[in-house]
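Asker: Listed here are the chains, written in short residue letters.
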Amino acid sequence: MSERLLTVKNLQIEGFADDAWKPIVNGIDLHLDRGEVLGLIGESGAGKSTIGIATMGYTRPGCRIVGGSIDFDGVPILTQTAEQIREVRGVKISYVAQSAAASFNPAHKLIEQYTETPVQHGVLKYQQAAQNARMIYARLELPDPDKIGNRYPHQVSGGQLQRAMVAMAMSCEPDMIIFDEPTTALDVTTQIEVLAAIKDVVKQFNTAAIYITHDLAVVVQLADRIMVLRYGDLVEESDTRSMLESPKEEYTRKLLAVRTFAKNPEPETKEEHSLIEVSDLHAAYGGGIKVLDDINLSIERCRTVAVVGESGSGKSTLARAMTGLLPPMQGSIKYQGEELPRSFKNRTKDQLRQIQMIYQMPDVALNPRQKLRETIGRPLGFYFQMDGAEREQRVKELLEMIELPTNYIDRYTPELSGGQKQRVCIARALAAKPVVIICDEVTSALDQLVAEEILKLLDRLQKELNMTYLFITHDLATVKAIADEIVVMLKGRIVEHGPKEEVLVPPHHEYTELLLSSVPEMHPDWLDDVLASRSAVSA
Amino acid sequence: MSEATLNTATEAKNPVSGLRRIIMMIGLMRESPAGMVGAFLVSFWVLVAIFAPLISPFEPNATLVPFMKPGAVNPDGGTFWLGTDHIGRDILSRIIWGSRTVLFYAPLATFCAYVLGIVMGLVAGYYRGWIDDVLSRIGDMILSFPVLVLYIIIISTVGASGLNIVIAIVFASGPGIMRIVRGLVLDLRNRDYVAAAQTRGESAWRIMLVEILPNARGPLIVDACLRMGYVIINIGVLGFLGLGLPPPDPDWGGMINETRQMALIFPHMTVIPCIAISTLILGFNLLADGMRDISLRD
Amino acid sequence: MAILITKRLLMMLLTMFAVSLILFLLLEIDVDTIAIKVLGQFSTEEQRYLWLERNGYYEPVYKRYIIWLGNFITGDFGTSTIYKIPVAEVLWPRLWNTTILAFWVFVFLVPVSLVLGILSGMREGSKLDRTISVVSILTTSVPEFASTVFFSGLFVFSLQWLPGTSSMFEGFDWKQLVLPVLVLLVYDFGYVTRMTRASMAEVMTTHYVRTAVLKGLPYKRVILKHALRNALIAPFTVLMLQINWLLSGVIVVEFFYAYKGFGALLLEAALRQDIYMIEACTMVAVFVVVMTQVFSDIAYTLLNPRIRFS
Numbered sequence: 001m002s003e004r005l006l007t008v009k010n011l012q013i014e015g016f017a018d019d020a021w022k023p024i025v026n027g028i029d030l031h032l033d034r035g036e037v038l039g040l041i042g043e044s045g046a047g048k049s050t051i052g053i054a055t056m057g058y059t060r061p062g063c064r065i066v067g068g069s070i071d072f073d074g075v076p077i078l079t080q081t082a083e084q085i086r087e088v089r090g091v092k093i094s095y096v097a098q099s100a101a102a103s104f105n106p107a108h109k110l111i112e113q114y115t116e117t118p119v120q121h122g123v124l125k126y127q128q129a130a131q132n133a134r135m136i137y138a139r140l141e142l143p144d145p146d147k148i149g150n151r152y153p154h155q156v157s158g159g160q161l162q163r164a165m166v167a168m169a170m171s172c173e174p175d176m177i178i179f180d181e182p183t184t185a186l187d188v189t190t191q192i193e194v195l196a197a198i199k200d201v202v203k204q205f206n207t208a209a210i211y212i213t214h215d216l217a218v219v220v221q222l223a224d225r226i227m228v229l230r231y232g233d234l235v236e237e238s239d240t241r242s243m244l245e246s247p248k249e250e251y252t253r254k255l256l257a258v259r260t261f262a263k264n265p266e267p268e269t270k271e272e273h274s275l276i277e278v279s280d281l282h283a284a285y286g287g288g289i290k291v292l293d294d295i296n297l298s299i300e301r302c303r304t305v306a307v308v309g310e311s312g313s314g315k316s317t318l319a320r321a322m323t324g325l326l327p328p329m330q331g332s333i334k335y336q337g338e339e340l341p342r343s344f345k346n347r348t349k350d351q352l353r354q355i356q357m358i359y360q361m362p363d364v365a366l367n368p369r370q371k372l373r374e375t376i377g378r379p380l381g382f383y384f385q386m387d388g389a390e391r392e393q394r395v396k397e398l399l400e401m402i403e404l405p406t407n408y409i410d411r412y413t414p415e416l417s418g419g420q421k422q423r424v425c426i427a428r429a430l431a432a433k434p435v436v437i438i439c440d441e442v443t444s445a446l447d448q449l450v451a452e453e454i455l456k457l458l459d460r461l462q463k464e465l466n467m468t469y470l471f472i473t474h475d476l477a478t479v480k481a482i483a484d485e486i487v488v489m490l491k492g493r494i495v496e497h498g499p500k501e502e503v504l505v506p507p508h509h510e511y512t513e514l515l516l517s518s519v520p521e522m523h524p525d526w527l528d529d530v531l532a533s534r535s536a537v538s539a
Numbered sequence: 001m002s003e004a005t006l007n008t009a010t011e012a013k014n015p016v017s018g019l020r021r022i023i024m025m026i027g028l029m030r031e032s033p034a035g036m037v038g039a040f041l042v043s044f045w046v047l048v049a050i051f052a053p054l055i056s057p058f059e060p061n062a063t064l065v066p067f068m069k070p071g072a073v074n075p076d077g078g079t080f081w082l083g084t085d086h087i088g089r090d091i092l093s094r095i096i097w098g099s100r101t102v103l104f105y106a107p108l109a110t111f112c113a114y115v116l117g118i119v120m121g122l123v124a125g126y127y128r129g130w131i132d133d134v135l136s137r138i139g140d141m142i143l144s145f146p147v148l149v150l151y152i153i154i155i156s157t158v159g160a161s162g163l164n165i166v167i168a169i170v171f172a173s174g175p176g177i178m179r180i181v182r183g184l185v186l187d188l189r190n191r192d193y194v195a196a197a198q199t200r201g202e203s204a205w206r207i208m209l210v211e212i213l214p215n216a217r218g219p220l221i222v223d224a225c226l227r228m229g230y231v232i233i234n235i236g237v238l239g240f241l242g243l244g245l246p247p248p249d250p251d252w253g254g255m256i257n258e259t260r261q262m263a264l265i266f267p268h269m270t271v272i273p274c275i276a277i278s279t280l281i282l283g284f285n286l287l288a289d290g291m292r293d294i295s296l297r298d
Numbered sequence: 001m002a003i004l005i006t007k008r009l010l011m012m013l014l015t016m017f018a019v020s021l022i023l024f025l026l027l028e029i030d031v032d033t034i035a036i037k038v039l040g041q042f043s044t045e046e047q048r049y050l051w052l053e054r055n056g057y058y059e060p061v062y063k064r065y066i067i068w069l070g071n072f073i074t075g076d077f078g079t080s081t082i083y084k085i086p087v088a089e090v091l092w093p094r095l096w097n098t099t100i101l102a103f104w105v106f107v108f109l110v111p112v113s114l115v116l117g118i119l120s121g122m123r124e125g126s127k128l129d130r131t132i133s134v135v136s137i138l139t140t141s142v143p144e145f146a147s148t149v150f151f152s153g154l155f156v157f158s159l160q161w162l163p164g165t166s167s168m169f170e171g172f173d174w175k176q177l178v179l180p181v182l183v184l185l186v187y188d189f190g191y192v193t194r195m196t197r198a199s200m201a202e203v204m205t206t207h208y209v210r211t212a213v214l215k216g217l218p219y220k221r222v223i224l225k226h227a228l229r230n231a232l233i234a235p236f237t238v239l240m241l242q243i244n245w246l247l248s249g250v251i252v253v254e255f256f257y258a259y260k261g262f263g264a265l266l267l268e269a270a271l272r273q274d275i276y277m278i279e280a281c282t283m284v285a286v287f288v289v290v291m292t293q294v295f296s297d298i299a300y301t302l303l304n305p306r307i308r309f310s
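Protein chains in written order, with the working numbering: chain A, 1 to 539; chain B, 1 to 298; chain C, 1 to 310.
Treat the hints with care, as some may be off.
In silico DSBU-like pairs for lysine-lysine, Cα to Cα no more than 35 Å straight-line [what the hints assert, rightly or not]:
| id | chain 1 | residue 1 | chain 2 | residue 2 |
| --- | --- | --- | --- | --- |
| 1 | C | K7 | A | K203 |
| 2 | C | K7 | A | K491 |
| 3 | A | K203 | A | K500 |
| 4 | C | K220 | A | K9 |
| 5 | A | K92 | C | K127 |
| 6 | A | K500 | A | K433 |
Keep in mind that the hints were calculated from the coordinates and are not lab data.
No experiment lies behind these values; they were computed from the predicted model shown.
Starting from the given sequences, assemble the full structure and let the hints guide the process.
Answerer: Following this line, the structure appears as structure tokens:
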């Protein structure tokens, strides 16, 4: 019945790293029928993007295809000349990249970039192509579809730009589209719009697609069949529903189980006053743009308060205001009943010591020119005047606490993996013997399985050391996993605040509802259900 | 240890010790042939400068036989391998001793300019605000002079001496270095490890010197090599224009200036110092190129 | 946009003002030295006193500065002590000669360095790229004074194609212009080429160029339409700022070839302590440089759509 469109056999790709060619894709077989959507899933380093883009006969600089064959609709991609491949790209196969902001040329208008493909390939005349562009912009529910094409990429928001990218990929009505993590950089409420757009056009034009992502819950919404990859090898392949119901491999089961970790909420302990009391907090950046608007918040000892919101909600600014990195314009932050000076510059050494912070990007949170001995040892020397063998001993103890081998003490931070770096950041915070740790998106730069380990570690440490956490995150799964209390922020304001049991159970605040319902769930009908219920509400 | 830790442990790259790092640097250098040639040229002239008294055949300022062609034999013994100049000084010896002059003043001036530029750049980039405005404005102003105009005005006003040349170079190059350092600092100061140090309560100077400066060293080393070449050019130009070190001590730029009128009949007098200075500058420029390749991989 | 231009022009005025102040402090504060420089070493105390008195040098410093600045702005630069005629009469023709020289340098510099830089950055690491890189390092490593010697040796003495001096006593002669232009060009093009290459190479690795390739566009179009438009922004500003460097090079070249230009004039004035000439030349040089900075800032804004439409 179905017609075979793409057949990849024994594809082998190498990448150049550390002065040698190393395999990154080890003999992958792959096939795709017309109109079928294949999900490629795996963590970073799985080779999924490399495979996807290789089907267009392209490799990133520093990569090379060393073996195998790719047959696309009777065309042997790997043996074609550059000129022959050019006729396939854009017309028969097109590509939607992760970051539309970087993938559109900043110097040209959207519609120029849309029409370029059909016009250059001689498929359509400019007028006709522009006409199509407006139609497809409308179909993808871009605002003002007749005029939006006249804008430059930087004048359009992220989610809209991503949809414009999808539109551009459709400009020649290709047989196949490669979607390379197209929603990863977006907020959940925007992600759902882009997902709906993709699902719609793929179905409408009966386009085959390879959908590449690290997020299983996203891919199950679109894919008919899923391939799980790891370190350039195939782990498991089956159709979406049977993979969800009966995964065969241990690794797939782990990926499916991700986001199921949840700690037991701590019982509320009423003390005379809260550990931290934030009142009437207002903050703005240099240009006078208000990012925090009247924030009131109290944090009890030994509890985890999760602040959740999308980009631009001011949640990270709240963290920066609490650490004194961004002195607020007005309002106060009381710590143990005592008012904290607004800027870190005026806080005492002991105040600084007791509130520690862990950052989003472990890559830039650690000085790459220092060994772990210095990175973790410095707070020990600085706050507790430890040195010599005593300090060395304590650093090793801290390494054990964060489950790293003690001989790592002589490593420089760039020699560690992302998860290990984040562990070191935790150790650096622990070295100060803090009472409060502010965790600013600490898992968002990590692969899901690694992120989960970090959350478990933080949970264990909290119990052992009786610490209080303020958890800043955009990820509701993280919130569900670790929070005792939830604060929902939108555009610099707190829209809902309460114990986890209350916030997560209906009735919700309108925005909380939107946020919660936008988080993809691990079953294939979730997207359709949500869209259906939303249109029912608005109708 | 949990399974997860073992997993993450295998992801990590192999550790690199300090010694291996240096060996790796040399190994990488070998991969950049340009860098190797540069390193060779620079070390050649450095060795010449160090061993000048041992390898120089004659006194550099001794007047022996004028207008000798290269390879001519001195009646009093010895050979003028590169000939003599118009007042009978052995050109080879003057080139050899001249390397001392340039390799003393150029690194000294570059180093001083760097000390000034780094301090100003760190302060401007780290504190920002009015202090940045003031320093940047002053820097912009100095940089709006064509470099040579600035040198000529300074030297012609205060007089030509080794010290004055160093001062002029520091004055003219400092703002350029400051601008580079400032740019790097403005980027690095937003790194979270700087925020971590700030909220730990570290002093501003420790943050600048321990947390920020070491991370700026890659581009700065490359720039220092290029700048060294440029300073050598400028010292040469000053000598060439007659504003260089006072005679009679050998100075390559000065040698070219003194003999260029006779270049028609005795080209060796002029061409040889030109070759000497060009190879030294080339050495530094190639070295910078090699360093850039390495620092990009770092 | 208008705000930006006004801001830049104000900044420029401020810089010029500061430079004038520095020059005044450096050269005009010590009145006795001025008198010696103007009247010569063999003038008597009395002559100097009378001259200083007559020319208002015993007025308070601030008043002198204001008058001095006023004269400057109105184009009255004083009288040259070398030429014994008003500075302006010497300065403007000399500046014109240098403009001719600089014009021809730019006529060749722009296409040569842009084309080489683009070819080299288009395929980073290719044989062509490496060749161009080595050549440009090589040529920037030979200072102008050395290349004047080499080129003169080759074209004047060995081949006897070109004259060895460019004083143009018998009217304009393009043959005399060749060597000065060549020397400046050879020294300068390497830098601009390398900047263009860096900019081009960076653009070639961007995602939008990859998008263009994956749209199946002809390679020529990828380069011309997508890469160049963005890659040329940086080299353009570099080219404008090149004027600063060129003014330095011009001094050496004009000195060597006895070309009657602005650079040679400045050097002569400095060496012979023609104080008013030094002041005028410096102010003109700084003015030219600051002006090009303003132009390059404005051009950068115009070329960059992100700034233009925000």
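Asker: The structure should be examined with respect to each hint, and the outcome stated for every one.
Answerer: The hints, checked one at a time:
| no. | hint | in the structure |
| --- | --- | --- |
| 1 | K7(C) - K203(A) | 55 Å, violated |
| 2 | K7(C) - K491(A) | 34 Å, holds |
| 3 | K203(A) - K500(A) | 39 Å, violated |
| 4 | K220(C) - K9(A) | 32 Å, holds |
| 5 | K92(A) - K127(C) | 34 Å, holds |
| 6 | K500(A) - K433(A) | 27 Å, holds |
Comparing the model with each earlier hint shows violations of hints 1, 3; every other hint is respected.
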